[in-house]
Amino acid sequence: MKKHNILGASIKLALCTSALAISGQSFAADEEGVQSIDRIEVTGSRILREGAIAPAPVTVISGDDLINTGAVNIGEALNKLPALGNTFSLSNSGRYIGTAGLSILDLRNMGTDRTLVLVNGKRHVSSSAGSQSVDTNTIPSTWVERVEIITGGASAVYGADAVTGVVNFILKKNIEGFSASVTRGESDLSDYSNEKATFSYGTNFDNDRGNVAFSVEYSGQDTLNALDHPWTDGSYRNMRNTAQTAENKDDPAFPDYIYTPNAGYYAINNAGVFALSNGFVNSFNPDGTYRELNIGDQVDGLACANCDSFNLAQFNQIQPEFERYNINFKANYDIAENMNAYLEAKYVNSEGQSIGQPAFFFFNPNNSIKIDNPYLDSSVKDLMEQEGVSSIMVNRMMTDLGRRVEDNTRETTRFVAGLKGTVFTDWELDASVVYGQTDLERVNGANMIMANYYNALDAVDDGSGNVVCRSEEARAEGCVPVNIMGFGAPSQEAIDYINTVSVGTSKITQTVVSASLANSAIYELPAGYIGFAAGVEYRKEESETKEPDNAAGTFFNALGEDKGEFDVNEIYFEASIPLLADLPLVQDLVLDTAVRYADYSTIGNATSWKLGLDWTVNDQLRVRATQSEALRAPNIGEIFGAPSQTFYSVDDPCLADNLNDLQNSEVRRANCAALGVPADFESDYDAQTLEGLVSGNRDVKGEESTSTTIGFVYQPSFIENAVVTVDYWKIELEDAISTIGSQDILDRCVDAEGGINNQYCNLITRDSSSHEITLIQNSVLNVSGQEASGVDFELGYDFDALEGNFSTRLIGTYLIERKTFPFQDQPSDYYEYAGTTGEAKWQANLSISYKRDGFFTTFDTRYLDEVSLYTDQELADNPNPNSLMTFGTYVISDATIGYNFESGFGVKLGVDNIFNRKLPYGTLGTGSGSASYDNIGRFGYLRLSYDF
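Quick note: the sequence shown uses our numbering, first residue 348, plus one each step.
Since the hints were derived computationally from the structure, they do not count as laboratory data.
There's no promise every hint is true.
Capping the alpha-carbon separation at 25 Å, the derived lysine-lysine pairs in BS3-like fashion look like this [what the hints assert, rightly or not]: (1) K427 x K1198; (2) K469 x K767; (3) K910 x K893; (4) K1077 x K1188; (5) K469 x K887; (6) K1188 x K1265; (7) K854 x K469; (8) K854 x K893; (9) K854 x K887; (10) K427 x K1077; (11) K767 x K519; (12) K887 x K767; (13) K1048 x K910; (14) K854 x K910.
Make the full structure from the sequences, and use the hints.
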């Protein structure tokens, strides 16, 4: 088989130093033509380039670096990069229904739907219904040669959904030999553990004209509950600051709330809480006898501190149970001297389990026990008779009926077939067909059937000493009475009668047919050859979700059934035009341009374009810049998403206490009054979750994006194997497609200076009598816009010392701005999120490695700047909302040491979070931003491998 040196000398240097945005100079062949120039396709361009001349900043991560961690998948490793947000990592993937186990990339933290994930430059089927988000668990880690990440100008080359950039997984072309490994890791602070095993075999055939390979991977991890980890087992609550007065209410020394340990709700627990004349301080012992709660003297509404409070952390899962099998096959064959046919096939099975709260009742009058209930202990019945009440309403977490468990099983299959080679003498052809399908089965257990529960709760004595359900009809249908007075009181028979299992399914399919032609030397100009590429692509995306028939009338959310599809026909052109060469201060000056035209079945026409300038000053310095625009079409879920019920934990901004906390409340007070809410409105109703409705929007239109990058690459001649890269980037979105956080909807409604006639107030329903919010609708909207900008920097240096080789890399990002503009008619009104949770202004990774013969060791350190828990705009209105205002500076280090023997055996010992860096105070590390912080602690692992 014809063998190619895939990387020229410049990219060898880039990988050697891990220089993430290196573009070396082009290489000229020796005058005698001893060696020809190799050309490669760099992410960001379809034109084959000499060496590593990337037209835009490209981050390159080697496959070895991706697996140099104790994490079970490569997505966890990528999420440590400063350019990527932790929107969907394993630790926070269970936040939504049907997402447990997903690992989805979010470049620049601007939304997973704006990051395009490719495999060998080709699209991959989604793993999340209604979206085009690719689960990195479907990528075979053992075959990854490198990952290339590009910001700026990618939409014109790969498609308009590459708004923030592209993450391209480059797999090894030819696999030769046998490779196997097994890895086992355990936590120092808990029973959490994980394991991974890989197998790969490939061989050439027919005198090296062809190659065939096969791989199998397994990975899995245990679940980890918050109570099983010393960093997360505490109970915390924001308690009203009793020391605050009218005089000091805006003094930072007297915050509105104190983040308090050993605090929580007293008005609900696992045994049941009910009210008598002394309030909601009455509960049950395990045997059903009466017990009065001690709420102490630190009381705030329904919560207390250093008292008989309820620890809700017992329902927090900080790591999900996860298991994955990944089977891959690939083959390629030279059917002619310059034409290679290739085939890829994969099957991936992944299972993620999310364990959440049980069913619960909080101030629900239907959850009442009548005085003739035979399960009532005499100690409780006597109190009821003394106070003259015929029933008691019970607030209770139904933990002993079973916590709600969601098992998500995803099966992904994908096939790629294509031809790649040279046609018409010097044109490079790549034509392919891609088909992928993901099937999701979502099993929701411990799902309470409400009618059965209410029938079982209403128990009576049948006159013969037997406890039965009061309803004769229910008894005839098999009703089993339930006792809820005391934790552990329900019988297994009652639990089986009350609970059911609900199963929902989703099917996602993708079909892509594409062809491209490229010629890196189509015409010679005085400054060099013009490069040109063109192609066509047809793509169809389909997604359908079916909800279980038995979910109606249960505690499970009432979900809509999504079904939608679209197709798109695209044509694109790209050119690389040399303008100047061999002049003072201009070794090369190249103009890069691309345009892509798309015809969507949903929104119609969309055009994306890019202009770039690549200026090589000399052998040491290179400057590059790009400007691009694109129109992203909404995905299936954003258009066709059916209304689905959800529940939000929010604070009503119109409550008198919340208004009084503000330093400047004039606008909010006026808007609350315009909504009909009285100025003295007070209620604890928002202590429980409020009903919401999420949906797509068939009227949503495409969002426009503008991207700008400018930077330089410096390789000083006086320091061999050293490189410095600095790149400024800016991304602007207009009519950004977005769903808004529930609290943001409430706040933006009443904080709008233009009054309540805005798109956010239209999403809120209040009861005209009680003034309480009864529904929050969260449909997809075209919000005014978003802006993000920053500077990426990287320093790499390789040197020989101690009879071996050192490789160092520092990669970082400074985030200048991260703005959202909430109002179409008020573009000057914005929220600045730079410097808040998940949007640290400074992030950096430092890596140092040393190799000597078979011995190797690495030391990696990750830095996150201190972040605020509030935006500047929020603090302008209220300068002292809480005693917990920030997550401090965070530094975490990992280390490995190992040896590769000449026999092919290898051993590696690694420790993640070697110094046991704790979570920042006040987080579990399971939020969309706080997942940046490690919630496992010191984690050791051993890897054994064999290659031949």
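Status of the hints after comparison with the structure:
{"no.": "1", "hint": "K427 x K1198", "verdict": "23 Å, holds"}
{"no.": "2", "hint": "K469 x K767", "verdict": "13 Å, holds"}
{"no.": "3", "hint": "K910 x K893", "verdict": "9 Å, holds"}
{"no.": "4", "hint": "K1077 x K1188", "verdict": "15 Å, holds"}
{"no.": "5", "hint": "K469 x K887", "verdict": "14 Å, holds"}
{"no.": "6", "hint": "K1188 x K1265", "verdict": "21 Å, holds"}
{"no.": "7", "hint": "K854 x K469", "verdict": "21 Å, holds"}
{"no.": "8", "hint": "K854 x K893", "verdict": "9 Å, holds"}
{"no.": "9", "hint": "K854 x K887", "verdict": "14 Å, holds"}
{"no.": "10", "hint": "K427 x K1077", "verdict": "21 Å, holds"}
{"no.": "11", "hint": "K767 x K519", "verdict": "15 Å, holds"}
{"no.": "12", "hint": "K887 x K767", "verdict": "23 Å, holds"}
{"no.": "13", "hint": "K1048 x K910", "verdict": "18 Å, holds"}
{"no.": "14", "hint": "K854 x K910", "verdict": "10 Å, holds"}
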